[in-house]
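Enquirer: Chain by chain, the residues:
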Amino acid sequence: MSTETKSPAPEQPEAAAAPEPKPNFMRLFGRYLTEANSVMVTVYSLLLAFLIGAILLIVSDEYTRSTYSYFFARPQDALSASWYLVRDSYLALFEGAILNLNTLDRFAAGTADFGDVLRPLSETLTYATPLIFTGLAVGLAFRAGLFNIGAQGQMIFGMMGALIVGFSLNLPAAIHLPLAVIAGAVAGGLFGAVPGVLKATTGAHEVISSIMLNNIAALFLVWAIGTDFLHSETKPDLVTKPVEDSAVMPTLLSSLNSSLRVNFSLVVGIAAAVFVWWLLSKSTFGFRIRAVGFNEHASATAGMRIGSTYSTTMAAAGALAGLAGAALSLGVGSGGITTNTALEYGFDGITVALLGRANPGGIVAAALLFGALKAGALSAQPDVPVDISTLLQAIIVLFIAAPALVKAILHLRTPRGGLVTLEAKGW
Amino acid sequence: MAVDTMEAPALVDDRAPARHLKAGVVYAALGLLLVVLALTALDGDRTTTVAFDRTLADADWALPTLGAVIALGAVTAAAGAWMIAGLAHRWFKLASVAAVTAFVLALLVWSYSQPGTVFRAESILAGALFLSLPYMFGALSGVVCERSGVINIGIEGQFLMGAFTGVLVANITGNVYAGMVGAMLAGALSTMLLALLATKYQVNQVVVGVILNLLALGFTSFMYDQLKKADGLNDAFSIPTISWGPLADIPVLGPVLFQQKLFVYVGLVLVAAVWFLLYRTRWGLRTRAVGEHPAAADSMGVDVNRLRFWNVTAAGLIAGFGGAWFTIANSLAFSKNMTAGLGFVALAVMIVGRWNPLGVLAGALIFGFTTQVARDLDASGSSLVPGEFLQMLPYAVTLVVVAGLIGRAKAPAADGVPYNPGDK
Numbered sequence: 001m002s003t004e005t006k007s008p009a010p011e012q013p014e015a016a017a018a019p020e021p022k023p024n025f026m027r028l029f030g031r032y033l034t035e036a037n038s039v040m041v042t043v044y045s046l047l048l049a050f051l052i053g054a055i056l057l058i059v060s061d062e063y064t065r066s067t068y069s070y071f072f073a074r075p076q077d078a079l080s081a082s083w084y085l086v087r088d089s090y091l092a093l094f095e096g097a098i099l100n101l102n103t104l105d106r107f108a109a110g111t112a113d114f115g116d117v118l119r120p121l122s123e124t125l126t127y128a129t130p131l132i133f134t135g136l137a138v139g140l141a142f143r144a145g146l147f148n149i150g151a152q153g154q155m156i157f158g159m160m161g162a163l164i165v166g167f168s169l170n171l172p173a174a175i176h177l178p179l180a181v182i183a184g185a186v187a188g189g190l191f192g193a194v195p196g197v198l199k200a201t202t203g204a205h206e207v208i209s210s211i212m213l214n215n216i217a218a219l220f221l222v223w224a225i226g227t228d229f230l231h232s233e234t235k236p237d238l239v240t241k242p243v244e245d246s247a248v249m250p251t252l253l254s255s256l257n258s259s260l261r262v263n264f265s266l267v268v269g270i271a272a273a274v275f276v277w278w279l280l281s282k283s284t285f286g287f288r289i290r291a292v293g294f295n296e297h298a299s300a301t302a303g304m305r306i307g308s309t310y311s312t313t314m315a316a317a318g319a320l321a322g323l324a325g326a327a328l329s330l331g332v333g334s335g336g337i338t339t340n341t342a343l344e345y346g347f348d349g350i351t352v353a354l355l356g357r358a359n360p361g362g363i364v365a366a367a368l369l370f371g372a373l374k375a376g377a378l379s380a381q382p383d384v385p386v387d388i389s390t391l392l393q394a395i396i397v398l399f400i401a402a403p404a405l406v407k408a409i410l411h412l413r414t415p416r417g418g419l420v421t422l423e424a425k426g427w
Numbered sequence: 001m002a003v004d005t006m007e008a009p010a011l012v013d014d015r016a017p018a019r020h021l022k023a024g025v026v027y028a029a030l031g032l033l034l035v036v037l038a039l040t041a042l043d044g045d046r047t048t049t050v051a052f053d054r055t056l057a058d059a060d061w062a063l064p065t066l067g068a069v070i071a072l073g074a075v076t077a078a079a080g081a082w083m084i085a086g087l088a089h090r091w092f093k094l095a096s097v098a099a100v101t102a103f104v105l106a107l108l109v110w111s112y113s114q115p116g117t118v119f120r121a122e123s124i125l126a127g128a129l130f131l132s133l134p135y136m137f138g139a140l141s142g143v144v145c146e147r148s149g150v151i152n153i154g155i156e157g158q159f160l161m162g163a164f165t166g167v168l169v170a171n172i173t174g175n176v177y178a179g180m181v182g183a184m185l186a187g188a189l190s191t192m193l194l195a196l197l198a199t200k201y202q203v204n205q206v207v208v209g210v211i212l213n214l215l216a217l218g219f220t221s222f223m224y225d226q227l228k229k230a231d232g233l234n235d236a237f238s239i240p241t242i243s244w245g246p247l248a249d250i251p252v253l254g255p256v257l258f259q260q261k262l263f264v265y266v267g268l269v270l271v272a273a274v275w276f277l278l279y280r281t282r283w284g285l286r287t288r289a290v291g292e293h294p295a296a297a298d299s300m301g302v303d304v305n306r307l308r309f310w311n312v313t314a315a316g317l318i319a320g321f322g323g324a325w326f327t328i329a330n331s332l333a334f335s336k337n338m339t340a341g342l343g344f345v346a347l348a349v350m351i352v353g354r355w356n357p358l359g360v361l362a363g364a365l366i367f368g369f370t371t372q373v374a375r376d377l378d379a380s381g382s383s384l385v386p387g388e389f390l391q392m393l394p395y396a397v398t399l400v401v402v403a404g405l406i407g408r409a410k411a412p413a414a415d416g417v418p419y420n421p422g423d424k
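Protein chains in written order, with my numbering: chain A, 1 to 427; chain B, 1 to 424.
Please note: incorrect hints may appear among the correct ones.
Said to hold, decoys possible - When the alpha-carbon atoms are kept at most 20 Å apart in a straight line, the in silico EDC-like pairs for lysine to aspartate or glutamate are as follows:
| hint | chain 1 | residue 1 | chain 2 | residue 2 |
| --- | --- | --- | --- | --- |
| 1 | B | 336 | B | 225 |
| 2 | B | 229 | A | 62 |
| 3 | B | 229 | A | 245 |
| 4 | B | 200 | B | 298 |
| 5 | B | 200 | B | 122 |
| 6 | B | 229 | A | 61 |
| 7 | A | 241 | A | 228 |
| 8 | B | 261 | B | 249 |
| 9 | B | 336 | B | 235 |
| 10 | B | 228 | A | 245 |
| 11 | B | 336 | A | 245 |
| 12 | A | 235 | A | 245 |
| 13 | B | 336 | B | 231 |
| 14 | B | 410 | B | 249 |
| 15 | B | 261 | B | 43 |
| 16 | B | 336 | A | 344 |
| 17 | B | 336 | A | 61 |
| 18 | B | 228 | A | 61 |
| 19 | B | 229 | A | 88 |
| 20 | B | 228 | A | 383 |
It is worth saying that the hints were derived from the structure and are not from the lab.
Fair warning: this is a prediction, and the values are worked out from it, not measured in the lab.
Please build the complete structure, drawing on both the sequences and the hints.
Expert: See the structure below:
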């Protein structure tokens, strides 16, 4: 901006001659709506994503596409087919994630109990729980200027750590469960520390080393499940031994209805979010993380040890991802874990952290949204392609990561202080 | 003008002697370990059979395993000892290559010594070259992007888009070559998004790359589910193997080089072409300048962001073509997430190959060979180490390389840094 020539003085009175009308609430509100501030960018990202999702639904649906071939003869066919397709698809997502209207009717008629009504919400919370942890794992590292793409691998090691303690020890639940959770965090933390230590000591970029470690972890899991130590003694397929009952995460609502899977990990997840908030905003360590993330050179000049901050931050992030793994292996109940248990929670953590803007509160909200998308998509398949959740997630965070794009598409105004973007860094 | 700075950093590496010593100790220890292990654990009457399975059906060659492993272990140890004794820096590379090659060969000889396993040299080498192609295309695409200063972590996504679009276009047009062109365009269109965001909107390229991967995964999986409801949009197409007449009958070379699919030749030509373009043309000089010091390039009249935009888009053509390898070259229909992380391995190959097309060729061949051998040993069920660990090798090698244990991998200086002409 400094290179722009200043407007000559005589023009200024002219600008003053058309005074802005007195700001009232509606005016300020309208101004807020048309500004690319972080709240409105989030809102518009969501709206744009659902709009693009709708277009893709219409384009890819064979019947609806066929109605467009005679659009100019009977436009109402194409429009109504499109409308019903999009409405039914999104309604199916809503009913799978939040509230099923049919179940509500049956509950009103007395043929379903209250637990049935809560089932979609319970599913949403179940899928959101690991996302809270992995989102925090990515978000915490973001604050130190590190891109922790390795949450998937850290989670896999956390899963194995918690599982091994979970099935190999025989202790009362009050000791066994916390011990298994801690084992998950430690395993994830140690694995997560590797890219941090490598960056601190050799300058290896954490993104590239984390990608490699993710692949190594995934292959290691496939191998480990097949070993006699982990493999199930009763089932022939690739599944591990189950954890002892004393290490199973207690469910929260199964007294209402046995199909409500949401368990105590959710509470641990919220507690972890509160802890990360405290860590970042109230503790010395958190101050160091933020200072290094903001400007590593200035932090180094101020006497902070950059290398050790990288290592400890990555270890803490790994521990959070490890907790996600613990939640999975201790939460699956009587079955063991398979190569599929981890799904893509670690990678989804990246999108959660981006949507949550690396703030613990935002991360919890983003995890709930993406958990809802996942639960909705899983229940709405095969009528709606299950990958619509991945697609919507990706479009949402693409806009979040590139607010300038949203601003350009919708012709929004630049807010005071500029757009909120992530700092761009090289290898 | 001698502005080629490629070789310069090697001249000012004052930590070289310490590195030689460390590497030497490692190689010597590995070599000795191999000899000791062979003497204790290997039967004296084992043999390793090498077969020329495609050209000379009856020319199997039986190698005494114990003697070969000990000899190769001794070579590894000797190379290590040479490094410990102190060697001129110019010999270091040669000694490292000798040590690593001998060590790997020893492991191979040992692995194929199990009764019933045969090292089918021609099939394995030809397969290795074929399997190295996705790494080659992906890494070349990465080289073009990153040499211009844009980090392309979305190779995986461009592969997926290419693989999906290739089959779709081939099915719609009924022409497999149209499918290949479609794959290239799909790759280019998806990198264009990265190019736009990286140059015009100056976003964090690593983050956007990761998002673009997710977007490609979501998009192709979503479309796959939708389109499979309709018939004939995702049928497998294949292309013929090109046989070069009598050349194809030369032992080893024939099956490896003169009896392959079009993709192999495109890959090899591209390596040469990208190398030539980068180091011998005006475009290449400008591209490298923009990747190393965009402000300097700008002051010499290069439109930095414009060049970056078109280079990244062109790189997408290569990655998209690489995507078509997964479906068309393998005669497969598209399936969800079929690239299975190979785009990330390609990124690793780019780094191992030091952002240089020739390095990429070497890296891709090594990774392709590892993959092929791992598959072959896994199929014969006689592997010394679990197949998963063999598959981990490329990733482990990359970790070692980025950590600077084998030389140092140095990215272009301005890689991933958005250029804003106003900031000068």
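Enquirer: A separate judgement is required for each hint: does it hold in the structure or not?
Expert: Here is how each hint holds up against the structure:
Simply put, residue 336 of chain B and residue 225 of chain B have alpha-carbon atoms about 9 Å apart, close enough for the 20 Å limit, and the pair holds. Using a Cα cut-off of 20 Å, the hinted pair residue 229 of chain B and residue 62 of chain A holds, with the two alpha carbons roughly 8 Å apart. The straight-line distance between the Cα atoms of residue 229 of chain B and residue 245 of chain A is roughly 44 Å, outside the 20 Å bound, and the hint therefore fails. Between residue 200 of chain B and residue 298 of chain B the CA atoms are separated by roughly 16 Å; this keeps the pair inside 20 Å, and the hint holds.
The hinted pair formed by residue 200 of chain B and residue 122 of chain B fails the criterion: a straight-line CA distance of about 49 Å is larger than 20 Å. Of the pairs offered as hints, the one joining residue 229 of chain B and residue 61 of chain A holds, with about 9 Å between alpha carbons and a cut-off of 20 Å not exceeded. For the given pair, residue 241 of chain A sits about 10 Å from residue 228 of chain A by alpha-carbon distance, which is consistent with the 20 Å threshold. Distance restraint check for residue 261 of chain B and residue 249 of chain B: the Cα-Cα separation of roughly 16 Å lies within the 20 Å cut-off, and the hinted pair is therefore satisfied.
Restraint check for residue 336 of chain B and residue 235 of chain B: satisfied, since their Cα atoms lie roughly 14 Å apart, inside the 20 Å limit. With a C-alpha separation of about 43 Å, the suggested pairing of residue 228 of chain B with residue 245 of chain A is violated against the 20 Å cut-off. For a cut-off of 20 Å, the pair hint linking residue 336 of chain B to residue 245 of chain A is broken: about 36 Å separates their Cα positions. Our distance criterion of 20 Å between C-alpha atoms is met by residue 235 of chain A and residue 245 of chain A, whose separation comes to about 18 Å.
Straight-line distance between C-alpha atoms of residue 336 of chain B and residue 231 of chain B comes to about 17 Å, which keeps the hinted pair within the 20 Å bound. Between residue 410 of chain B and residue 249 of chain B the CA atoms are separated by roughly 42 Å; this puts the pair beyond 20 Å, and the hint is violated. Distance restraint check for residue 261 of chain B and residue 43 of chain B: the Cα-Cα separation of roughly 41 Å exceeds the 20 Å cut-off, and the hinted pair is therefore not satisfied. Restraint check for residue 336 of chain B and residue 344 of chain A: the C-alpha separation of about 14 Å stays at or below 20 Å, so the hint holds.
Our distance criterion of 20 Å between C-alpha atoms is met by residue 336 of chain B and residue 61 of chain A, whose separation comes to about 18 Å. For the hint pairing residue 228 of chain B with residue 61 of chain A, the CA-to-CA distance comes to about 11 Å; that is within 20 Å, so the pair holds. Proposed proximity of residue 229 of chain B and residue 88 of chain A is supported: the alpha carbons are some 18 Å apart, at most 20 Å. Our distance criterion of 20 Å between C-alpha atoms is met by residue 228 of chain B and residue 383 of chain A, whose separation comes to about 13 Å.
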